[in-house]
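Visitor: Fit chain V to the given chain S structure using the hints.
The listed protein sequences derive, respectively, from chains S and V.
First residue of the first sequence: 211, per our numbering; consecutive thereafter.
First residue of the second sequence: 7, per our numbering; consecutive thereafter.
Derived by calculation from the structure, the hints in this document are not laboratory data.
Just so you know, even glycine gets a beta-carbon here, dropped at the ideal spot from N, CA and C.
No false leads were mixed into what you were given.
Partial selection, computed: residues in chain S whose CB lies under 7 Å from chain V:
1) P241
2) F369
3) A373
4) I374
5) F377
6) L381
7) L507
8) L525
9) T540
10) V544
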Amino acid sequence: MTGYLIRRGIQMVIVLLISSIAIYSLLLAAPGGPFSGLKQLTGSKDRVSDAQIANMERLLGLHLPPQMQYLAWLAGDDWMGSLNKDWEGHRKGVLRGDFGKSFKQNRPVITLIEERLPNTIKLMAASGLLAILVAVPIGVFSAVRQYSKLDYTFTFATFVGIAIPNFWFGLMMIIIFGNLFKSWGLPFLPTGGTESVRIRPGSLQAVLGVSPGTAPDQLIHLILPTLTLSLSSMAGWGRFVRASMLEVLRQDYVRTARAKGLTERVVVAKHALRNALIPLVTIVTFELPAMFGGAILTETVFSYPGMGRLYIQGLLGFDYPVAQGFLVITAVLVVVATLMSDVLYTVVDPRIRFS
Amino acid sequence: MSIADLSFQAEQLAAPDEESQAALIWRRFRRHKLAVIGLIITILLGLFSYVGPFVTPYDSTRIPSGPDYAKARELGRGECYVDQGGVERCHILGTDKSGRDYLTRLMEGGRVSLSLALIVTIVSQILGTIIGSISGYFGGWIDSLIMRIVDFILTLPTLPIFLVIYTLIPMNEIPGGSITVLAFLFIIFGWVGSSRLVRGMVLSLRSQEFTDASRAVGASNTRIIVRHMIPNSLAPVLVAATLGIGGIVVGEAGLSFLGFGVQPPDPSWGNLLQDTQSDIMTAPFRVFYPGMLIFLISLSANFIGDALRDALDPRLKL
Chain S
211 MTGYLIRRGI
221 QMVIVLLISS
231 IAIYSLLLAA
241 PGGPFSGLKQ
251 LTGSKDRVSD
261 AQIANMERLL
271 GLHLPPQMQY
281 LAWLAGDDWM
291 GSLNKDWEGH
301 RKGVLRGDFG
311 KSFKQNRPVI
321 TLIEERLPNT
331 IKLMAASGLL
341 AILVAVPIGV
351 FSAVRQYSKL
361 DYTFTFATFV
371 GIAIPNFWFG
381 LMMIIIFGNL
391 FKSWGLPFLP
401 TGGTESVRIR
411 PGSLQAVLGV
421 SPGTAPDQLI
431 HLILPTLTLS
441 LSSMAGWGRF
451 VRASMLEVLR
461 QDYVRTARAK
471 GLTERVVVAK
481 HALRNALIPL
491 VTIVTFELPA
501 MFGGAILTET
511 VFSYPGMGRL
521 YIQGLLGFDY
531 PVAQGFLVIT
541 AVLVVVATLM
551 SDVLYTVVDP
561 RIRFS
Chain V
7 MSIADLSFQA
17 EQLAAPDEES
27 QAALIWRRFR
37 RHKLAVIGLI
47 ITILLGLFSY
57 VGPFVTPYDS
67 TRIPSGPDYA
77 KARELGRGEC
87 YVDQGGVERC
97 HILGTDKSGR
107 DYLTRLMEGG
117 RVSLSLALIV
127 TIVSQILGTI
137 IGSISGYFGG
147 WIDSLIMRIV
157 DFILTLPTLP
167 IFLVIYTLIP
177 MNEIPGGSIT
187 VLAFLFIIFG
197 WVGSSRLVRG
207 MVLSLRSQEF
217 TDASRAVGAS
227 NTRIIVRHMI
237 PNSLAPVLVA
247 ATLGIGGIVV
257 GEAGLSFLGF
267 GVQPPDPSWG
277 NLLQDTQSDI
287 MTAPFRVFYP
297 GMLIFLISLS
307 ANFIGDALRD
317 ALDPRLKL
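Chain S extracted, bound-state conformation (with noise of 0.2 Å):
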């Protein structure tokens, strides 16, 4: 086990070594140089004169080899000498936390995704549990009583829930419990943000009495975004737990559980759900990067200020050491979540050995 585990460590490092080579690149492979798109914006407010742009390239230190920039970004310039005397030793490096400054916001990156991060985390953690809660029952129900029209009903649900684009369900959510509710004088659902500034009549938050800005209020504007982003896993999970659980009940010592005379809903929720859950486990972890990913859409659905929100405006606004920010974060998710859910595999199902 120790010996799998630095070895596999040693995998993640460089692994991780290689994609922020690939992730820097992008400042280099920007066709034109890193402030070509910069230059492209005309709005009167984005506007940036050629010095200010011969200014940024100097503090990016783009006159040093591509090596040497590198290496500055990934581990900062204090540790080197006098390397660029803009920089004069200040810059920390992304191992320490220094993702450089936003072009356009004159603000440092890490500031930025310490304001967004734990909005994502929030909707993201929301998302998963509700996807497990909804899953599981949906999952044994649909296995325990197979070929049944419950089980007929959950299982078409499924495809709907993989089939549909979930950014248009969270628009469909914003027309539906947004402006309807509204009109037919319901309580409605706020659409946007993190949490509101005043609170609307006839918001849900007036009818429950919840003043603004408060845990509940921001609970309330996850309900959507929340729905919105969990929508396929529950749909994959559901249909993974029946599958799984479907194998378990055709075991012998389910067999031997029912014979010895304990009740199906011991035998069920005792003997089968705890084996055919063990895999799940493995399944979610696996998937945590693919909702971080998926989060960009529901984000920008619901105007949310998360992660995927900032690597979009990054984007579009060709502010790339912000995108970079998001990029090194995902990568490191994707190789954590990866050695996670493989070694997860292990521990929960002892029979498979680590090779």
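Guide: Okay, now just chain V, sitting in the frame of chain S:
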């Protein structure tokens, strides 16, 4: 008896058998009521997207000029106006912000979305089948190299990577523009699934007796792959391809919705949703229709794929 006679007889013998095979598949397929409904919906949407643009009197990208522009903009469902030439123009689903007929945009958008999905599916499945059969048939270092690449691509988070590649590509220098770029992106990430599938099939086919037999009569590796490995692994590929089509339509829609997909003025079901995001309050139906069509085609593809799996080979479980 000449050889020609013999083969003629063989054909006669084989013909009814093949027919009954197709009939058998069709009979098994029809058992899935939802798949049959899905097939009908797919055909209808195909007609809508490919025949519709010829039937409609409107152009999908041309914006009415002069004084017509103001009159034609953002009409509601079924509203009409009289243009400069004194012709009354009615729009069943109204018009968009630029005064273009929305129904025509939906038809043309379907043509773009469905064509993209079809091309991507066909090319990536062919590519995946070839690569997968080479990988499985030859084994050894070729196999492990290909499978490492496949594993690597499978762990990549597709959406963030699509978005960043899309940003870096100089769109206007590429023939076909954004649609070509999208097709390439989907193909690069799309072949891995079927290559794994085919590799698995080939691994088991390779060790069967008919492979030894054909090798014994002196068939080359290429011939064995093309004549035996690939045809025998087509069924799961066909199923996976059908199941995958929905995903591509939905994926294209997501990218276009974010502004990283098919670029206007060309419509696609996804970028029609991008255009209408501000319509949520004023004209919700313009948000409803494109998404509903995407949903219908994707759901149908899933049902058809599911039924095909049972119909082609009841033992198949993906």
